[in-house]
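S.K.: Assembly of the complex is requested from the two constituent chains, each provided in isolation within its own frame, with the hints serving as guidance.
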Amino acid sequence: MALLNNLVNLHLGDSTEKIIAEYIWYWSPNLLFLPFLSLWDRGSGVDMRSKARTLPGSVSDPKELPKWNYDGSSTGQAPGENSEVILHPEAIFKDPFRRGSNILVSFCHLRCIHPAGEPIPTNKRFSAEKIFSHPNVIAEEPWFGIEQEYTLLQRDVHWPLGWPIGGFPRPQGPYYCGVGADKAFGRDIVDSHYKACLYAGISVSGVNGEVMPGQWEFQVGPAVGISAGDQIWAARYILERITEIAGVLVSFDPKPIQGDWNGAGAHTNYSTKSTRRNGGMDEIKRAIEKLGLRHREHITAYGDGNERRLTGRHETADIHTFSWGIADRGASIRVGRETEMAGNGYLEDRRPASNMDPYMVTSMIAETTILWKP
Amino acid sequence: MALLTDLINLDLSDTTEKIIAEYIWIGGSGLDMRSKARTITGPVDDPSKLPKWNYDGSSTGQAPGEDSEVILYPQAIYKDPFRRGNNILVMCDCYTPAGEPIPTNKRFNAAKVFSNPDVIAEVPWYGIEQEYTLLQKDIGWPLGWPVGGFPGPQGPYYCGTGADKAFGRDIVDAHYKACLYAGINISGINGEVMPGQWEFQVGPVVGISAGDQVWVARYILERITEIAGVVVSFDPKPIKGDWNGAGAHTNYSTESMRRDGGYEIIKKAIEKLGLRHKEHIAAYGEGNERRLTGRHETADINTFLWGVANRGASIRVGRETEQNGKGYFEDRRPASNMDPYIVTSMIAETTILWKP
Chain P
1 MALLNNLVNL HLGDSTEKII AEYIWYWSPN LLFLPFLSLW DRGSGVDMRS
51 KARTLPGSVS DPKELPKWNY DGSSTGQAPG ENSEVILHPE AIFKDPFRRG
101 SNILVSFCHL RCIHPAGEPI PTNKRFSAEK IFSHPNVIAE EPWFGIEQEY
151 TLLQRDVHWP LGWPIGGFPR PQGPYYCGVG ADKAFGRDIV DSHYKACLYA
201 GISVSGVNGE VMPGQWEFQV GPAVGISAGD QIWAARYILE RITEIAGVLV
251 SFDPKPIQGD WNGAGAHTNY STKSTRRNGG MDEIKRAIEK LGLRHREHIT
301 AYGDGNERRL TGRHETADIH TFSWGIADRG ASIRVGRETE MAGNGYLEDR
351 RPASNMDPYM VTSMIAETTI LWKP
Chain U
1 MALLTDLINL DLSDTTEKII AEYIWIGGSG LDMRSKARTI TGPVDDPSKL
51 PKWNYDGSST GQAPGEDSEV ILYPQAIYKD PFRRGNNILV MCDCYTPAGE
101 PIPTNKRFNA AKVFSNPDVI AEVPWYGIEQ EYTLLQKDIG WPLGWPVGGF
151 PGPQGPYYCG TGADKAFGRD IVDAHYKACL YAGINISGIN GEVMPGQWEF
201 QVGPVVGISA GDQVWVARYI LERITEIAGV VVSFDPKPIK GDWNGAGAHT
251 NYSTESMRRD GGYEIIKKAI EKLGLRHKEH IAAYGEGNER RLTGRHETAD
301 INTFLWGVAN RGASIRVGRE TEQNGKGYFE DRRPASNMDP YIVTSMIAET
351 TILWKP
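Chains as they are written, first to last, in the UniProt record's numbering: chain P, 1 to 374; chain U, 1 to 356.
So that you can see chain U by itself, here it is in the shape it has in the complex (with noise of 0.2 Å):
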């Protein structure tokens, strides 16, 4: 029998001239992700040029079911890892047929301080250190943890190697790779402090785009450990007791940041976020409050204090810009299970917009 595979892996390229175009959007919980596809004629590489679609509302939570289209509109295009050929994954964000955003399209208002003067001015650059947790089909318990008990305590497993020390890196390795096929500025990966936890970076990236990245990497991450029969969770703390949390410590410059003398420009942008701490805890994660607990390298909720190569406090300023008198930052405060788009939009409003 023919296999599956030679059928999944067909390049139609030879064919047809037609392209498969997978349409993503964030759900009604604001962090579970949807996809479907169509059929386009190509190739396209500008989302402008992508016709707008639309999706049942009422079977995600965000219409009801007797006014239940909402309008998809293409926003970033990037190559699809799985179909590969020219066919493409199109991140999209929703709006109503009269053209309001939803209330769950948190982009549309990211776009707008990233649309600001002064915020393009200043080229934000952002790295996003996206943490996740491995979990079991079916159980839910983390992935190489014994059914019904526990592990060995950290220490052996950040960056470990090794069958009782890093659980799952094939499903990693290929996530870095489809990602970098994809288009997606990964940085970088690494093994977490708690087994069966792990972590990607995206960046450096400017304004919107950052959180245009990080979504799509979380929606090729998910078809992959779907592939690989695993789940992934972005819970801030998956496992209670003496386990890390999930974070997506958000790293952070300007253009006056990265000039000579930049350590000031730092300094005051600290200042201004430290002036604005509750409501951006607010914003930066459901559940946060498990994992900023003031241990496992966080720093309690209720207190902003930052430091130089500090990973106890809510702001870690590298040894490496306090040296060169300019660099970047990195604020450690939003959970894993974070939305880019509201945190990178807040910390460029805060910090180049806003007024204390």
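In isolation and in its complexed conformation, chain P is listed as follows (with noise of 0.2 Å):
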């Protein structure tokens, strides 16, 4: 019997020219208030969905890709009785699970059919393309790099991988970036995560262990604007469905476990024209104020549930307090030393959650530091 991996993996460019297009899209359950919905929600608060569909041929640009349309009523999106919502295509990622020509389509921004094609409350997109579109933001040219951490829990039980069912391992200590079977949980679904988003065209900058174990982390960048969101979506899509394959479960939460352990953050890496050039350091402490004076507005929109790891200990700030130093991992912003010794860089944010929608934090650390005036 042909195995099915023969099947999966049929390369299908000698027999047609056509291409499989998984159109992909996502939404904040806890944005919409419906109780029911508590039933997906594991806590994380990200709820990615795709499906798949045959195009006629090779597309590289998403303009030229069809608009589609899904069941929103069937994701809490929309009510049974006007239940479209239509897919915007943004942006194309070669899919390294169908490989050949075959596609990935994110993130794809969602707008009801009526009245006007408006976007829909969880299009954090929309809002976002609007304040990196503005002239003042463009001439700045922001960049981004993101820190994303993430858990891999161990299916059914929800417990962390490697982990013994029902206790705890040795405490944090030879974790962070740790070698050996009693130390690194799950480095396969690492590996692979990285490899398929290259792959795929997605700036995967590097990945490390973290300091809890079976905690990880990936960083995207540094990409310009919009881009951002679209790839760390894209790279949270493809690292959902590698543990699927890996029978293992991806949670997002900023604390998944209480007690001595760390939180996961996707502490946010930031700099524009301005601080990037000579004296560029002046740029980043007035950048830094800004941001100080806006912190309750920031902390909102950071992530929820930050509240339990923003505590001040492991490694983080209090989330009532906004602080910022050099090669200070225990504040709010951090500045790294190169930075401070070149006289101009980069500041990293290091408040966001991993649960955070990146359109929400890189627009809006543009928005603060660009266009806002105290």
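FYI, nobody ran anything at the bench for these hints, they're computed from the structure.
Note that beta-carbon positions come from the ideal geometry of N, C-alpha and C, so glycine has one too.
It is possible that some hints are incorrect.
[To be verified] Examples of chain P residues lying across from chain U (beta carbon under 10 Å, computed):
1) Asn-9
2) Gly-13
3) Pro-121
4) Phe-126
5) Ser-127
6) Cys-177
7) Lys-195
8) Gly-201
9) Gly-209
10) Gly-305
11) Glu-338
[What the hints assert, rightly or not] Pairs of lysine-lysine residues, derived as DSSO-like cross-links and limited to a Cα-Cα distance of at most 30 Å, are as follows:
12) P:Lys-130 <-> P:Lys-18
13) U:Lys-278 <-> U:Lys-326
14) P:Lys-130 <-> P:Lys-373
15) U:Lys-49 <-> P:Lys-273
16) P:Lys-273 <-> U:Lys-18
17) P:Lys-63 <-> U:Lys-18
18) U:Lys-240 <-> U:Lys-267
19) P:Lys-94 <-> U:Lys-79
[Said to hold, decoys possible] If we take Cβ atoms under 8 Å as the criterion, some of the chain P residues that face chain U in the derived model are:
20) Pro-62
21) Val-157
22) Ala-184
M.R.: See the structure below:
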């Protein structure tokens, strides 16, 4: 009998010009206050969906892709009697699972067909795009490097991968960048994700094992403007598809285990033309000052459940406090030694939680530092 | 579903010029190894062309939280046997942002010794016999040993074959090929006297490169045991009682020793080592007193003695060297958890530079 894998890996390029396009979208249940959604909410606040369609040939420009629609009443985004939600393709990545000329299409921003194609409330890309198309923002060419942390959980028991069931591993210390069967749990997932993302065309700049065992991190960047959000969401989707293959769960919860265990964040590194220029350090300090004045507004948008993570311990700053420092991992904003010595560079906003929406975080940082006047 | 292995084994060289570089360093205990990866444009074969990097030293016991950055300086490149393609492993050492080596950076001083003109002139060769023990995960008991009990006494296991004598050969063989692929000069492997214990040898390697290659070989070994679900131990005496310990015998020669009449130089070198026995022992690995008992093919830790073909001595000179009148000698004192940067540079320093 042919193996299932022979069929999954069939290279169709020899027999047809048709390709398969996987349309991907997402939404956050907790933005809609619909109680029955707690069935799906693992507490991570991140829910990605996709479906596939056949297209007549290779496509490289998202504008050439047809719009599509899905049943919003099945995901709590539309009422049953007016259920169609429209998918607008925004970015194309190569499909690492189907390979060949097949593609992933993201991140479709979602509009209702009535009244006139307006973005639905969970479509955060739409308002981010407005900020990133502002001439002042375009002129500053904002670069983002996002450090996405996540925790792998054993399926069915929802306990971190590698942890004894009903118990705990040795305390933190050996696991950060660690090696060995007693320190690194799930590296095959991390390494296959790394290559799959590079294959897809996502700018993954690195990976590392994190302080809590079973927790990992990948970084995306530097990416300009809206592309940072597109790439993070595509990378999250690929990660969830890979954990699906591995029979393991991925959690973006910012504090998956209470107690003396690190949380999971999405530190966002940021620079503009002005901060990268000679003398940029002054611009960085100005930007940090503005961020400090809007600390509460930013924290509200930086991910659900962050108060469980930002305690002032475990390499975080307390959620109510805004602080910054050179090489200081206990601050809200950290500026690297290299930036300090060169006099220009970038800053690291350490506040966002792992379940943050990158469209919201990136556009808000750009808006506060470039457009907002105190 | 696509297999995880299809993705791990993706050959990216068709789709991108980017390569993945795994930066490796030694952590706060002096024995724990750490690594993380970054994407760079490749291929790269010269470490001086790789960017410096940094890591969170507060998470490895090497820096305080409010000033946490430790800088990584790339020192040697090897091919990555796990990611293959043009991807690389990069052995690094660690510095403060001001450019000072941090206390656990033993490579820095070793490099100074090996750049001394007198040492360079002698072209010091090293062959290091790295022993290690494989342990079952979670219980920490040697691989192949019955849980809660012991195997039959030592005798059948040294270089043995058979399911009742050799435990974990797939790890050993995978490691051998992976290291050769990486560009590490592995000269051989063998099963050891204690069941579940193995040895690989790195060499002959010149100067500082011996330390680089042993550390990267240890890293590759730990990655492989991670895949196999087994734990590797470099403890010098993992099981008390009538069971051999684990060492890192260090074979050594210089130009003068390899030349005709070199045997006299060897004897002079051994004499100098004998005068600094205590200093060397202090640097030859933690817990070595549990191993160097005078039994189980070791010399007592407080005694310095040497002999031809004598495995109960601190230093052994092979019969071949004695007969040829030149060659090398074997320092049998270092423990399996020794730092090869310290041991190799100290032997060179004592025998070439030090004046009694």
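S.K.: Under the criterion of a CB-CB separation shorter than 10 Å, is Gly-305 of chain P in contact with chain U as hinted?
M.R.: Status violated, d = 23 Å.
S.K.: Given the hint that Lys-278 of chain U pairs with Lys-326 of chain U, test it: the Cα-Cα distance must not exceed 30 Å.
M.R.: Holds. Lys-278 of chain U to Lys-326 of chain U sits at ~27 Å (cutoff 30 Å).
S.K.: Are Glu-338 of chain P and chain U close enough, Cβ to Cβ, to be under 10 Å, as the hint says?
M.R.: Holds: closest Cβ of chain U sits about 8 Å from Glu-338 of chain P, inside 10 Å.
S.K.: Hold the hint about Lys-195 of chain P up to the distance rule: shortest CB distance to chain U must be less than 10 Å.
M.R.: holds, 4 Å
S.K.: Tell me if the straight-line CA distance from Lys-130 of chain P to Lys-18 of chain P falls inside 30 Å.
M.R.: Violated. Lys-130 of chain P to Lys-18 of chain P sits at ~35 Å, over the 30 Å cutoff.
S.K.: Under the criterion of a CB-CB separation shorter than 10 Å, is Ser-127 of chain P in contact with chain U as hinted?
M.R.: Violated: closest Cβ of chain U sits about 31 Å from Ser-127 of chain P, beyond 10 Å.
S.K.: Identify whether the interface hint at Gly-201 of chain P stands, where standing means a beta carbon of chain U within less than 10 Å of its own.
M.R.: holds, 8 Å
S.K.: Taking 30 Å as the top limit, are the C-alpha atoms of Lys-63 of chain P and Lys-18 of chain U close enough?
M.R.: It holds: about 27 Å lies between the C-alpha atoms, which stays within 30 Å.
S.K.: Lys-94 of chain P and Lys-79 of chain U were given as a pair; does the straight-line alpha-carbon distance stay at or below 30 Å?
M.R.: holds, 27 Å
S.K.: Is the Cα-Cα distance between Lys-273 of chain P and Lys-18 of chain U 30 Å or less?
M.R.: holds, 25 Å
S.K.: If you take the shortest Cβ to Cβ gap from Pro-62 of chain P to chain U, is it below 8 Å?
M.R.: violated, 19 Å
S.K.: Can the restraint linking Lys-240 of chain U and Lys-267 of chain U be considered satisfied, given a maximum Cα separation of 30 Å?
M.R.: Distance of about 35 Å is beyond 30 Å: violated.
When the structure is compared with the earlier hints, violations turn up for hints 2, 3, 4, 5, 10, 12, 18, 20 and 21 and for no others.
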